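Just so you know, the protein sequences line up as chains E and G, in that order. UniProt numbering numbers the first residue of the first sequence as 1 and each following residue consecutively. UniProt numbering numbers the first residue of the second sequence as 1 and each following residue consecutively.
Mixed in with the good hints, there may be bad ones.
Calculated cross-link-like contacts (lysine-lysine; reagent style BS3-like; alpha-carbon spacing at most 27 Å) [said to hold, decoys possible]:
id, chain 1, residue 1, chain 2, residue 2
1, E, 189, G, 48
2, G, 82, E, 187
3, E, 91, E, 38
4, G, 382, G, 237
5, G, 48, E, 185
6, G, 224, G, 234
7, E, 36, G, 48
8, E, 38, G, 82
9, G, 72, G, 82
10, G, 48, E, 188
11, E, 187, E, 99
12, G, 82, E, 40
13, E, 159, E, 98
14, E, 44, E, 188
15, E, 190, G, 48
16, E, 189, G, 82
17, E, 188, G, 82
18, G, 82, E, 36
19, E, 40, E, 187
20, G, 72, G, 156
21, G, 48, E, 4
22, E, 188, E, 40
23, G, 305, E, 4
24, G, 82, E, 185
25, G, 320, E, 4
26, E, 187, G, 48
27, G, 48, E, 20
28, E, 144, E, 36
29, E, 41, E, 146
30, E, 44, E, 144
31, E, 41, G, 82
32, E, 20, G, 327
33, E, 190, E, 91
Residues of chain E placed beyond 10 Å of chain G at every Cβ, according to the derived structure [to be verified]:
id, residue
34, 69
35, 75
36, 200
37, 231
If you are wondering where the hints come from, they were derived from the structure by calculation, not from laboratory data. As the structure is a computational prediction, the values presented were derived from the model and not from experiment. Don't be surprised by glycine CBs; every beta carbon is placed ideally from N, CA and C.
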Amino acid sequence: ENTKIRVKPDHSGVVTDGVKHSMNPFCEIAVEEAVKLKEKKLIKEVVAVSCGPTQVTETIRTALAMGCDRGIHVEVSGKDYEAMGPLQISKIFAALAKKEEASLIILGKQAIDDDCNQTGQMTAALLDWPQGTFASEVTIDGEKVKVVREIDGGLETIKISMPAVLTADLRLNTPRYATLPNIMKAKKKKIANMKPADLGVDMVSRVEVLRVDEPPTRLAGVKVETVDDLVAKLRANGTI
Amino acid sequence: MAAVGTFSRVVRLSSCFGRRCRLISNSAQRRGIASCIDPAHGLSDEQKEFQKMAFDFAANEMSPHMAEWDEKEIFPVETMRKAAQLGFGGIYVQPEVGGSGLSRLDTSVIFEALSTGCVSTTAYLSIHNMCNWMIDTFGNTEQREKYCPELCMMDKFASYCLTEPGSGSDAASLLTTAKLEGDHYVLNGSKAFISGGGDTDVYIVMCRTGGKGPKGISCVVVEKDTPGLSFGKKEKKMGWNSQPTRAVILEDCRVPVTSRLGQEGQGFNIAMRGLNGGRINIASCSLGAAHACVQLARDHLLVRKQFGETLSSNQFLQFKLAEMATKLVASRLLVREAALALQEGRSDAVSLCSMAKLFVTDECFNICNQALQMHGGYGYLKDYAVQQFVRDIRVHQILEGTNEVMRMIIARSLLSESG
Numbered sequence: 001e002n003t004k005i006r007v008k009p010d011h012s013g014v015v016t017d018g019v020k021h022s023m024n025p026f027c028e029i030a031v032e033e034a035v036k037l038k039e040k041k042l043i044k045e046v047v048a049v050s051c052g053p054t055q056v057t058e059t060i061r062t063a064l065a066m067g068c069d070r071g072i073h074v075e076v077s078g079k080d081y082e083a084m085g086p087l088q089i090s091k092i093f094a095a096l097a098k099k100e101e102a103s104l105i106i107l108g109k110q111a112i113d114d115d116c117n118q119t120g121q122m123t124a125a126l127l128d129w130p131q132g133t134f135a136s137e138v139t140i141d142g143e144k145v146k147v148v149r150e151i152d153g154g155l156e157t158i159k160i161s162m163p164a165v166l167t168a169d170l171r172l173n174t175p176r177y178a179t180l181p182n183i184m185k186a187k188k189k190k191i192a193n194m195k196p197a198d199l200g201v202d203m204v205s206r207v208e209v210l211r212v213d214e215p216p217t218r219l220a221g222v223k224v225e226t227v228d229d230l231v232a233k234l235r236a237n238g239t240i
Numbered sequence: 001m002a003a004v005g006t007f008s009r010v011v012r013l014s015s016c017f018g019r020r021c022r023l024i025s026n027s028a029q030r031r032g033i034a035s036c037i038d039p040a041h042g043l044s045d046e047q048k049e050f051q052k053m054a055f056d057f058a059a060n061e062m063s064p065h066m067a068e069w070d071e072k073e074i075f076p077v078e079t080m081r082k083a084a085q086l087g088f089g090g091i092y093v094q095p096e097v098g099g100s101g102l103s104r105l106d107t108s109v110i111f112e113a114l115s116t117g118c119v120s121t122t123a124y125l126s127i128h129n130m131c132n133w134m135i136d137t138f139g140n141t142e143q144r145e146k147y148c149p150e151l152c153m154m155d156k157f158a159s160y161c162l163t164e165p166g167s168g169s170d171a172a173s174l175l176t177t178a179k180l181e182g183d184h185y186v187l188n189g190s191k192a193f194i195s196g197g198g199d200t201d202v203y204i205v206m207c208r209t210g211g212k213g214p215k216g217i218s219c220v221v222v223e224k225d226t227p228g229l230s231f232g233k234k235e236k237k238m239g240w241n242s243q244p245t246r247a248v249i250l251e252d253c254r255v256p257v258t259s260r261l262g263q264e265g266q267g268f269n270i271a272m273r274g275l276n277g278g279r280i281n282i283a284s285c286s287l288g289a290a291h292a293c294v295q296l297a298r299d300h301l302l303v304r305k306q307f308g309e310t311l312s313s314n315q316f317l318q319f320k321l322a323e324m325a326t327k328l329v330a331s332r333l334l335v336r337e338a339a340l341a342l343q344e345g346r347s348d349a350v351s352l353c354s355m356a357k358l359f360v361t362d363e364c365f366n367i368c369n370q371a372l373q374m375h376g377g378y379g380y381l382k383d384y385a386v387q388q389f390v391r392d393i394r395v396h397q398i399l400e401g402t403n404e405v406m407r408m409i410i411a412r413s414l415l416s417e418s419g
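Isolated chain E (complex conformation) (with noise of 0.2 Å):
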């Protein structure tokens, strides 16, 4: 699934369309993750959520074929779309968790178009509600979840009191693939619909981008003879 992209002739952003869109590696994780728990009868009911133009629903319907009870669509598309990033996300899952009473939220630790990182950590601080990031193992216990994070050092073990955020690591799980079966009883389940304004959520971002480009095209490199003209080579460029 290796689209090349490309940088739209106006600079404004990456060309999007005509190219197949599916589910975020670390959020298919997160959704194996919460209808594990849901098998194993640790949590009663797991909400698929998606926020995006109408396409999104695909989505949400891959992730009810892999067990997720229902859906919600909430609905952003045109300049709002374009402009939505994590901060409005997590305002708008921060007001879904409330409405929704929810106990834990589950996410991918970042998406993969954009690599921000940020949605879960900011839903967590929205909620003021604890935050297990990275995770590569979860367990609950009672009313508190332990949580095994991926740092740069290793890995830390931290227990979090529920209502809880967690995102997932890649070493979290194996998705599973969605069975025939599912995948017809998924087009019975409810994926309801609603806007941000139904949230009470401003969309109004506080990030503009000026502008897009593709990487430099990596220049080639030069050779040197000995490490006296390597020295005069990085001081002539002024890296030394």
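Model the placement of chain G on the given structure of chain E, informed by the hints.
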């Protein structure tokens, strides 16, 4: 997206990141912007879900192993069982006996997608499905409940036994006899080229209980380890190497009369009804191979340079690729129409299934062969998947009724008195 400043990272909108970064060696499953041959066109949302899942399964579970399965002649039992857990063991078998209860069109879409991962294994899956359906459709309650659930989960594997050394195209002249002795049939004879033979558990055997011709043929289920059932040597084949092919030998093999599917004399009809669907499935497998090869060829043309340009600048190759794509889409439309006709019980179903099998297996072989040519010398190397697609689908023009027999069926339909 980005804050102030230039966007300094490469953005990947859809990368093969899931499933723990498994690398895809034969990256034919790309679903990028070649949208004119996109196999999702015209499908319902639900069918697109099936297709997506089947493509993912093919890319992750089959494609990385396709070359090894071919080289080492491995029958990938575990992978097929994984497929069965997703519902691929009895796709058009009824849910009450463990099947997925899907339509012929759904089935075609699924086999087309799976075939991009490994033609040979998908083709065996389709044969297994055909046998499962035959028991589900023509079996009585006891037989359906005995066999179908296990076949749907692929706890047991099935084989279809019609062809004999002396009767291929002239299938109705088969010689394997089934003599009634009390409450048993005693089977004597041999079957040739049986897919899965020797490694499968349930054999659907067409045998003669009555007089000459099709009306004397019955269909009997023979289980592995029945005394009198033995197998020939494993055949060495040009392709289809992930499934074993052996002769099935019956020497005074006794099976209870209760193993007979349907009535005495109904066997040939059952066999042919099974093959209608089988032909759509085999054609669908050819489609998947051709789709994969068109993508492989396109990718190669964009990369390979000669005479100072990429091959994609060469008009002859551009035109050839366009022809391949056109024939691919035409083939796909014909198979899907045949599937629709069969599931709706239309009067033209049998002819359409024959037309689809004839046209699609021929055209798709040409597409794959042409894709190999476009790869130049590299196309001949086993490091490149295109040669395996060519070798694997070559037999689709021969089995489940040769393409010559398909012409017979179509001509008969055109020239018959009531036509």
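Check each numbered hint from earlier against the structure, then list the numbers of those it violates in ascending order. Violated: none.
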